[in-house]
Amino acid sequence: MDISFIDLTAGSVILLFLIGFVGGLVSGFIGSGGAFVLTPAMMNMGVTAIMAVASNMAHKFPKAFVGAMKRHKFGQVDVKLGIVLGISAEAGVLYGAGVQETIRELFGKAGSNLYVSSVFVVVLAIVGAYVLRDAYKMFYSKNPEEEKKTKLAEWVQSVHIPGTMMYFKSIDAKISVLFTIPIGFATGMLAATIAVGGFIGVPAMMYVLGVPGLIASATELVIAFIMGMGGTIKFAWAGYVDIRLAMIILAGSLFGVQLGAIGTTYVKPYMVKIVMGVIMMIALMSRAVVIPVYLSELGEIDPLAPGTITILKNLSFGLLLFALTTGAVIVFKALIKGMREHRAKMAAENAVPGTFSAPEVDVVEHQLSPTGRLERIMLVTDNSEHSESATAEAINIAARCKADLFAFSVLPTPTLGSPLGQNTMHDVEKKAVVDRLLKVRKQAEAVGVSCEILLGHGEEPFAEIVDQAEDSSMDIIVMGRSDTNDLVRSMVGSTAEKVIGHTHSDVLVVPQGGKIEGKGIILPVDGSRYSDAAAVTVQNLVKQCSAPVTIVSVAVDERLKEDAIVHAEKVHQFMKGNGLDVKVDVRVGTPSEAIVASARENGADLIVLGSHGRTGLDRLLIGSVSERVIGNADCPVMVVKL
Amino acid sequence: MSVEHRRAVKRTLIYGTISIILYALLYHFEMDILELSQEGKWNFYIPMLIAFSFSIVHGNFTGQFWDMFGVKAKTTKK
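Chains S and H, in that order, give the protein sequences. Numbering of the first sequence is given in the numbering used here, commencing with residue 1 and proceeding in unit increments. Numbering of the second sequence is given in the numbering used here, commencing with residue 1 and proceeding in unit increments.
Derived from the structure by calculation, the hints contain no laboratory data. A couple of the hints might just be wrong.
The calculated DMTMM-like cross-link candidates involving lysine to aspartate or glutamate, where the alpha carbons are at most 20 Å apart (straight line), are [what the hints assert, rightly or not]:
id, chain 1, residue 1, chain 2, residue 2
1, S, Lys169, S, Glu429
2, S, Lys109, S, Asp302
3, H, Lys72, S, Glu460
4, S, Lys439, S, Asp382
5, S, Lys570, S, Asp532
6, S, Lys583, S, Glu593
7, H, Lys10, S, Glu341
8, H, Lys72, S, Glu341
9, S, Lys431, S, Asp134
10, H, Lys10, S, Glu460
11, S, Lys583, S, Glu562
12, S, Lys519, S, Glu429
13, S, Lys561, S, Asp585
14, H, Lys72, S, Asp7
15, H, Lys72, S, Glu429
16, S, Lys402, S, Glu375
17, H, Lys41, S, Glu105
18, S, Lys337, H, Asp67
19, H, Lys72, S, Asp471
20, H, Lys41, S, Glu101
21, S, Lys333, H, Asp67
22, S, Lys515, S, Glu341
Just so you know, these numbers come straight off a predicted model, no measurement behind them.
With the hints as extra help, turn the sequences into a complete structure.
See the structure below:
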């Protein structure tokens, strides 16, 4: 077997890094894996086609894994569908890689190059034309079409073949695996040929199976991971992976991908499509011009003069560089112009970019103690039903306390996904979230509450929420509780728990259906300064909305009951001194269970507790009472932070 | 700069350092790695392992890299 790795000089390393960076920049912007520029670029540097594809796959599959995990966090992945398609894609990859090797054995390097280049030209011509048509339609339509299930998808979902049916939650229907197998196989086969499989996978999922676009593009990452790993093993088994090339390109491309993805948020969606289509067409030409070279090497046409071969090869490389440079210039220009305009706009609105308007300083009205202050309320909402009760409560509190309401949502920074519109998907999602925020504002304004809305982007939703609350001086964060309890949630923890662990603002977590109607407040105490802070907060709350208060003090066993009574009595006296009549409930047992039980038995509709704010290892070892109370309580829980 | 932001910067710098070390090791053992990769067969795990570790470390580094310089996705405010 003839496997020769190219020599890497300092110049070629820099060139590879730059190609990686620009390729990443462009692919982050247009949402494609970028293999359609990276594979030809490697081939232009003298790497054989099979090695270029193999090395490309090796740098892509771990990226797909990281991407799939990230999108799963935002609930966009249909894991089952991904695995089912991934397995058949794997078969396609193995078959496709086999075809590659056979062609290489039968027709040599030129044959392999010709095969890959021809597939490239055909696929890029079809997809590029489709993308440009889409851009044209988007440009002339004020309201891009809503996603509709195609007739084909309706038919596929209606077919019932006994023994082959499988349920997929993303489409909420049963589909015969006889439809998924060919889709997966074709995706895998294309991936093994040109290192890009999403060209088939995403549209097939959307148009044939009826999977929503957003989920299709996220699920494709699972397929990309499974088949990428299988393909890499297959190629590496035969010794074709040049890991140096893959890793140098990766070094540059990861810098570029992030920047490109950020760039998409500053431009109109049709612009993204135009850039994508144009680059695909130029990459197509770049491959097409060298086809005569391979044909002449195979003896299919008359031999070309050495001068002609050099010219064609240089022209091919030049076209590719031109495609990349054009893309990079457009992305940079869009990013710089967009950011500058955004900053100017924000400055005019008395806000730092990415934050809510700053509070107006009013010396007379401002409450001095920050404990229990409810002047600036930040509602964190997502597009799910989990945040509906939280929304209603945030509006109620703002109305009752004459506070300002700020509704905030976080979307993942669009990152490398799959071709055919990851960015469009991001726009669809963004529109849904902004619509939801506007609805919240309408709801608030209907009861006379002013509401500012803001949509941020970030890698970690909790960190964005915590930062936003701090930057915009929020007194309390109101958020919903998700009831999902799957493995990933227990591994990464819910967003609410992480926010509580890191923020300095108070947090009100409202479970679905939870309502604060003044039926009763439960105040758990443990003698710490944290529970003292909760007591002060309750006192302030009762001033705004009268409700019977029950102090709950829990001893883990009988021997500590005396201490629990002392703690409860201390707070009781404090409350009494401030003119509040409160009930005392001392219990023995597990603190979180006793608190939740007391709330149920007393018919309370709010639990206010102080947080020790443990994070990291400490929290893992000791656990957090507030976390368990939040997880098990039927009513809203307010966590007071110091 | 908020606490979260400072933590993110620290994390980014740590990943950046590990990333540089990994690349230095790749450069240093270039010939051995190539030789083993070329043999193929059970050595397939070598490029796989390299690809995974580099992606995770370098990905974590670049994920927050631009954020450190204030280059962030656009926020929508109405």
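Structure-based check of all given hints:
1. For the proposed pair S:Lys169 and S:Glu429, the alpha carbon gap of about 19 Å is at most 20 Å, so the pair holds.
2. For the proposed pair S:Lys109 and S:Asp302, the alpha carbon gap of about 18 Å is at most 20 Å, so the pair holds.
3. With a CA separation close to 13 Å, the supplied pair H:Lys72 and S:Glu460 stays within the 20 Å bound.
4. Of the supplied pair hints, the one linking S:Lys439 and S:Asp382 holds, its CA atoms being roughly 12 Å apart against a limit of 20 Å.
5. Straight-line distance between C-alpha atoms of S:Lys570 and S:Asp532 comes to about 10 Å, which keeps the hinted pair within the 20 Å bound.
6. Distance check on the hinted pair: S:Lys583 and S:Glu593 sit about 19 Å apart at the alpha-carbon level, within 20 Å; holds.
7. The hinted pair formed by H:Lys10 and S:Glu341 fails the criterion: a straight-line CA distance of about 30 Å is larger than 20 Å.
8. For the hint linking H:Lys72 to S:Glu341, the alpha-carbon distance of about 14 Å falls within 20 Å, and the restraint holds.
9. A C-alpha spacing of about 19 Å is found between S:Lys431 and S:Asp134, which places the hinted pair at or below 20 Å, so the restraint holds.
10. In summary, the hint linking H:Lys10 to S:Glu460 is supported, as the alpha carbons are separated by about 16 Å, within the 20 Å threshold.
11. The hinted pair formed by S:Lys583 and S:Glu562 meets the criterion: a straight-line CA distance of about 17 Å does not exceed 20 Å.
12. In summary, the hint linking S:Lys519 to S:Glu429 is not supported, as the alpha carbons are separated by about 38 Å, beyond the 20 Å threshold.
13. Annotation: proposed proximity of S:Lys561 to S:Asp585 holds, straight-line Cα distance about 12 Å (limit 20 Å).
14. This hinted pair does not check out: H:Lys72 and S:Asp7 have alpha carbons roughly 38 Å apart, beyond 20 Å.
15. Taking the CA atoms of H:Lys72 and S:Glu429, the gap is near 18 Å; set against the 20 Å cutoff, the hint holds.
16. For the hint linking S:Lys402 to S:Glu375, the alpha-carbon distance of about 7 Å falls within 20 Å, and the restraint holds.
17. Note on H:Lys41 and S:Glu105: the hinted pairing holds, with a Cα-Cα distance of about 18 Å set against a maximum of 20 Å.
18. Restraint check for S:Lys337 and H:Asp67: the C-alpha separation of about 18 Å stays at or below 20 Å, so the hint holds.
19. Between the alpha carbons of H:Lys72 and S:Asp471 the distance comes to roughly 15 Å, so the proposed pair stays at or under 20 Å and holds.
20. For the hint linking H:Lys41 to S:Glu101, the alpha-carbon distance of about 15 Å falls within 20 Å, and the restraint holds.
21. Among the hinted pairs, S:Lys333 with H:Asp67 is consistent with the structure: their alpha-carbon atoms are about 18 Å apart, no more than 20 Å.
22. For the hint pairing S:Lys515 with S:Glu341, the CA-to-CA distance comes to about 42 Å; that exceeds 20 Å, so the pair is violated.
Checked against the numbered hints listed earlier, the structure breaks hints 7, 12, 14 and 22; every other hint is satisfied.
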